[in-house]
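Novice: So you can see what is in the structure, the chains are spelled out below.
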Amino acid sequence: MLEINNLRMEYRSEHVSHLAVDDISLSVRPGEFFTLLGPSGCGKTTTLRSVAGLETPTGGAISINGEPVFSHDRALNVPTQKRDISMVFQSYAIWPHMSVFGNVAFPLQAAGMPSRQVRSKVDDVLSLVGLADYADRSATQLSGGQQQRVAVARAFVKEAAILLLDEPLSNLDAKLREQMRREMRHLQKRVGTTSIYVTHDQDEALSLSDRIAVIDGGNLIELGTPTELYLKPKSTFTASFIGQADLIECQVVGKAADGAKVRTPFGELIAGVHPHLAGSATHVLVRPECVELIDAATHDTNTFDGTITSVMFSGKSVEYHVRLANDFEITVQTPPIVLREAGASVRMHIPPERCVLLAGERRTGIEPRQTAVAA
Amino acid sequence: MKATAGSGFAARWAPTVLLGGILFYLVAVPLIVLLVSSVKPTGLPLDQGWTLSNYARTYSDPKFYELVWTTFRFAVGASLLALSIGVLMAWLVERTDLPAKGLVRVMVILPMATPPLLLAIGWIMLLSPRTGFINDVLVGTLGLEGAPFDIFSLSGMIFVEALSLVPSTFLILSPAFRNMDPNLEEAAVTSGAGFWLMLRRIVLPLLLPAILAAGAFLMIVGFVVFDIPGIIGMPVGIFVLASHIVYLAHDAAGGMSQYGLISAIAVFFLAILFLLAWTYQRATRQAGRFVTVTGKNFRPRPFQLKGWRWPAFGIVVVYFMLATVAPIGILTWASLMPFYASPSWEMLQNVTLANHEAFFSNRRAVQAAQNSVIIAVVASTLVALLSVLISWTVVRSKAAGKKFIDILSFMPIAIPGVMIGVALIYVYLVFSWTGIYGSVWIIVIAYLTTYISFGSRATHGVMTQLHPDLEDAARTSGAGWLRSMWRVIVPLTLPAILAVWIWVLAHCMRELSSALLLQGNNNRTVPVLLYNYWSGGQPNRAAAVGVWLVVAMLVVVSLWQFLVSRSRVGGAKG
Ligand SMILES: Nc1ncnc2c1ncn2[C@@H]1O[C@H](COP(=O)(O)OP(=O)(O)O)[C@@H](O)[C@H]1O
Ligand SMILES: [Mg+2]
Numbered sequence: 001m002l003e004i005n006n007l008r009m010e011y012r013s014e015h016v017s018h019l020a021v022d023d024i025s026l027s028v029r030p031g032e033f034f035t036l037l038g039p040s041g042c043g044k045t046t047t048l049r050s051v052a053g054l055e056t057p058t059g060g061a062i063s064i065n066g067e068p069v070f071s072h073d074r075a076l077n078v079p080t081q082k083r084d085i086s087m088v089f090q091s092y093a094i095w096p097h098m099s100v101f102g103n104v105a106f107p108l109q110a111a112g113m114p115s116r117q118v119r120s121k122v123d124d125v126l127s128l129v130g131l132a133d134y135a136d137r138s139a140t141q142l143s144g145g146q147q148q149r150v151a152v153a154r155a156f157v158k159e160a161a162i163l164l165l166d167e168p169l170s171n172l173d174a175k176l177r178e179q180m181r182r183e184m185r186h187l188q189k190r191v192g193t194t195s196i197y198v199t200h201d202q203d204e205a206l207s208l209s210d211r212i213a214v215i216d217g218g219n220l221i222e223l224g225t226p227t228e229l230y231l232k233p234k235s236t237f238t239a240s241f242i243g244q245a246d247l248i249e250c251q252v253v254g255k256a257a258d259g260a261k262v263r264t265p266f267g268e269l270i271a272g273v274h275p276h277l278a279g280s281a282t283h284v285l286v287r288p289e290c291v292e293l294i295d296a297a298t299h300d301t302n303t304f305d306g307t308i309t310s311v312m313f314s315g316k317s318v319e320y321h322v323r324l325a326n327d328f329e330i331t332v333q334t335p336p337i338v339l340r341e342a343g344a345s346v347r348m349h350i351p352p353e354r355c356v357l358l359a360g361e362r363r364t365g366i367e368p369r370q371t372a373v374a375a
Numbered sequence: 001m002k003a004t005a006g007s008g009f010a011a012r013w014a015p016t017v018l019l020g021g022i023l024f025y026l027v028a029v030p031l032i033v034l035l036v037s038s039v040k041p042t043g044l045p046l047d048q049g050w051t052l053s054n055y056a057r058t059y060s061d062p063k064f065y066e067l068v069w070t071t072f073r074f075a076v077g078a079s080l081l082a083l084s085i086g087v088l089m090a091w092l093v094e095r096t097d098l099p100a101k102g103l104v105r106v107m108v109i110l111p112m113a114t115p116p117l118l119l120a121i122g123w124i125m126l127l128s129p130r131t132g133f134i135n136d137v138l139v140g141t142l143g144l145e146g147a148p149f150d151i152f153s154l155s156g157m158i159f160v161e162a163l164s165l166v167p168s169t170f171l172i173l174s175p176a177f178r179n180m181d182p183n184l185e186e187a188a189v190t191s192g193a194g195f196w197l198m199l200r201r202i203v204l205p206l207l208l209p210a211i212l213a214a215g216a217f218l219m220i221v222g223f224v225v226f227d228i229p230g231i232i233g234m235p236v237g238i239f240v241l242a243s244h245i246v247y248l249a250h251d252a253a254g255g256m257s258q259y260g261l262i263s264a265i266a267v268f269f270l271a272i273l274f275l276l277a278w279t280y281q282r283a284t285r286q287a288g289r290f291v292t293v294t295g296k297n298f299r300p301r302p303f304q305l306k307g308w309r310w311p312a313f314g315i316v317v318v319y320f321m322l323a324t325v326a327p328i329g330i331l332t333w334a335s336l337m338p339f340y341a342s343p344s345w346e347m348l349q350n351v352t353l354a355n356h357e358a359f360f361s362n363r364r365a366v367q368a369a370q371n372s373v374i375i376a377v378v379a380s381t382l383v384a385l386l387s388v389l390i391s392w393t394v395v396r397s398k399a400a401g402k403k404f405i406d407i408l409s410f411m412p413i414a415i416p417g418v419m420i421g422v423a424l425i426y427v428y429l430v431f432s433w434t435g436i437y438g439s440v441w442i443i444v445i446a447y448l449t450t451y452i453s454f455g456s457r458a459t460h461g462v463m464t465q466l467h468p469d470l471e472d473a474a475r476t477s478g479a480g481w482l483r484s485m486w487r488v489i490v491p492l493t494l495p496a497i498l499a500v501w502i503w504v505l506a507h508c509m510r511e512l513s514s515a516l517l518l519q520g521n522n523n524r525t526v527p528v529l530l531y532n533y534w535s536g537g538q539p540n541r542a543a544a545v546g547v548w549l550v551v552a553m554l555v556v557v558s559l560w561q562f563l564v565s566r567s568r569v570g571g572a573k574g
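Chains A and B supply the protein sequences, listed in that same order.
First residue of the first sequence: 1, per this note's numbering; consecutive thereafter.
First residue of the second sequence: 1, per this note's numbering; consecutive thereafter.
Check before you lean on any hint, since a few could be wrong.
Label-pair ranges, simulated between beta-carbon atoms [unchecked claim]:
| # | chain 1 | residue 1 | chain 2 | residue 2 | range |
| --- | --- | --- | --- | --- | --- |
| 1 | B | 341 | A | 15 | 45 to 55 Å |
| 2 | B | 286 | A | 192 | 40 to 50 Å |
| 3 | A | 127 | B | 475 | 46 to 56 Å |
Facing chain B, a subset of chain A residues (Cβ under 8 Å, in silico) [said to hold, decoys possible]:
| # | residue |
| --- | --- |
| 4 | 54 |
| 5 | 60 |
| 6 | 80 |
| 7 | 97 |
| 8 | 106 |
| 9 | 107 |
| 10 | 111 |
| 11 | 114 |
| 12 | 154 |
| 13 | 158 |
Hints in this document: simulated from the structure, not taken from any laboratory.
Ideal Cβ positions, reconstructed from N, Cα and C, are used throughout, including at glycine.
With these hints in hand, go ahead and build the complete structure from the sequences.
Specialist: Structure follows, in structure tokens:
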């Protein structure tokens, strides 16, 4: 459906040049909801805009539906309006001088569709996004959420092969964002358009996507389904960028039936994911919500004793910092069923199938729990 | 209003009454006097009797409609030409990959330093049918029968006026071009629209309010200007509104000033002008509504001019040559000649500094320079102060009746300088005991009225962009009104306010119309002196004065642009 090969984008101004995309290759399947996820400034928007033809990359090739639309080597660059794409912009880019109808009708008019057909089609799409009664409103009189729907309707109406979405939910407030996220997923499933979605928000990426490409510094770091990336990440970057993570330095010391036996600062542990890394493993990933606080010793391995040093209650979960052997602290998140207090002694169990071995650079001071900030 | 909030009524009305009083005196009094004078037999407002004869005489005279028609054609022609060039320049600078944009900005804005009357004189020296340098050269090289161009025509006036209006047009339009969210254009392209469809359906409609606002502004200026039509048209009998008023006030048959007639004419034009001002106001507001910058993800993608980059740059250079280099060049040449002669190698040996020496040793010239500086500094300072107070009251305060202040401060945009001049003559002839008539102060008052609308519009913009929380934060930190004004509002807006101040300063230095009407023996300004030299048949002395005026203007305009570029909250417009 969409093929990107060795995409490279170097912004050159008078004196400085800036490498926004270094080398990205990926391929998106028909009907897929594909997400580009990465921290702000990593090159997601640039990649998306290159697909749209709004930027001219300085290297690589792009093809849509099997047809090349850009090739640096062959000096091929199909102009945006001739590409089989439509796009939702982060700022919505609703034309303020047109009504809702006018905005949504524009792509059809640009394609030269007769006006009777335009009307019925626009009406269809507007009711699809729940704006049937707003057709004659001026676009400037809409709330943020409604503007967002207009932008989506305008993109859907063109029925392009690929729908490009650049952080379409980032300008909405939290509640609305979640609602729109659900609607978006629902719509996409119903219409079945191949979608490329750009976001820096891991929750959005996980809950919407069929597959996610994790990008950092203009390079593709890892590509996989949400569960793969969350539960079995292959890189320390993915591990710490998606979700909360304790990345614990470790050394593999042997084999066990259900994984590799590793030595960590707070004792020995069996890690069940990626045991084949063996000697090259540098860290073991433990997610706070994958740690169980238990009362009796129901397991033989991966069980540790510690003391709670701090408690943070956030409603749907409670987060504890637990000090283990060698003063090593680990984060544990549990549902608020049993509440514990600071100072209490606890026993924890870390299931081996949730301990992920990773091969990263061996260095101290890796930041634990690195979460995304606003783009 | 921390301490005074309790006194409710008084506090709410105090700013309105205070500013309203000042504005009423500056704006409404001259207008009322003008109206009253139109129904007085002698035209002087305090004289005996009432009459409609001024109206009868004015409106039954076919010449009057000829005047209206000429003025209209002049204003429309100059506006359209200036608008076309201005739109092109704004688009090139803000939206394309034109080379050397810094230099281009300078070349478009710098012509503001040339006072329009000098532009007119320069172009007369270049294109007069008998002695114009360009005409001479063309006749000589092409072997023509007669001069190909005649500056002493309506098209000549329109051409020169348009040249002088381009910088203002550019300054009004370029923010609109700059602030248009490029995503709006990109959304059109990703919707499948080609370049022309995007231009027609998206870009032009979005810019329309800004272009309309600029157009209304240009029309207003076209209707009120005196300098260029006065210098080029008056000698050959092509009159527009302003030059006709000056003619009636100064030179009309018998030397009697025809004040009653002036007022009757003025009323008609005021009606048109207020209509234009209203259009301008509405269009400006509309333009503001369309500004859809979200800040996020804002990346202007310049239009690729490709092979047109250098030709487009060439167009800018041509404009700069026409608006500054050629006219100032010929003026400089003339200022170095003992008598008027076109540039040639033979005349080079006659170069003399006599005109310049005369300017610096002439007592009247020195006095004019002093007057100009005093008037410009005092008037621009008062305008800046008053504008800040007006804007704060209108934009920020909860003062009662602030709408009234807003309207009063905007009205002068529609009152021609010559009308203000005439009205002030009435007022201070009546109050002659004040000694204001014939002094520099009457000109200060005239400029104050003329520029308060520009000043307050510009500071409105500054105040609107200043987030109200900043002021509230000062208040909640325990600062009173005065302290929060002084420590927060003033420092944050200072560069922008200074820019307004200098803009007014520059315009006071080059303004001719009201000063010309209000001149006495002791209050002549440099432009008036220049005008007198020129119309008295001393072009070389006029040229020498002009050269020094341009030098002074260059300094002021550069300073102004420096401040504009430094001010975070946006500079003056117009
Ligand atoms: N027009 C441009 N000129 C120079 N640098 C740019 C331009 N556009 C983007 N960049 C830089 O390229 C990098 C990637 O930008 P972008 O693709 O917008 O990141 P993201 O969308 O992932 O936040 C950033 O460092 C950004 O500053
Ligand atoms: Mg982005």
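Novice: So, against the hints stated earlier in the document, which numbers end up violated here?
Specialist: 5, 11
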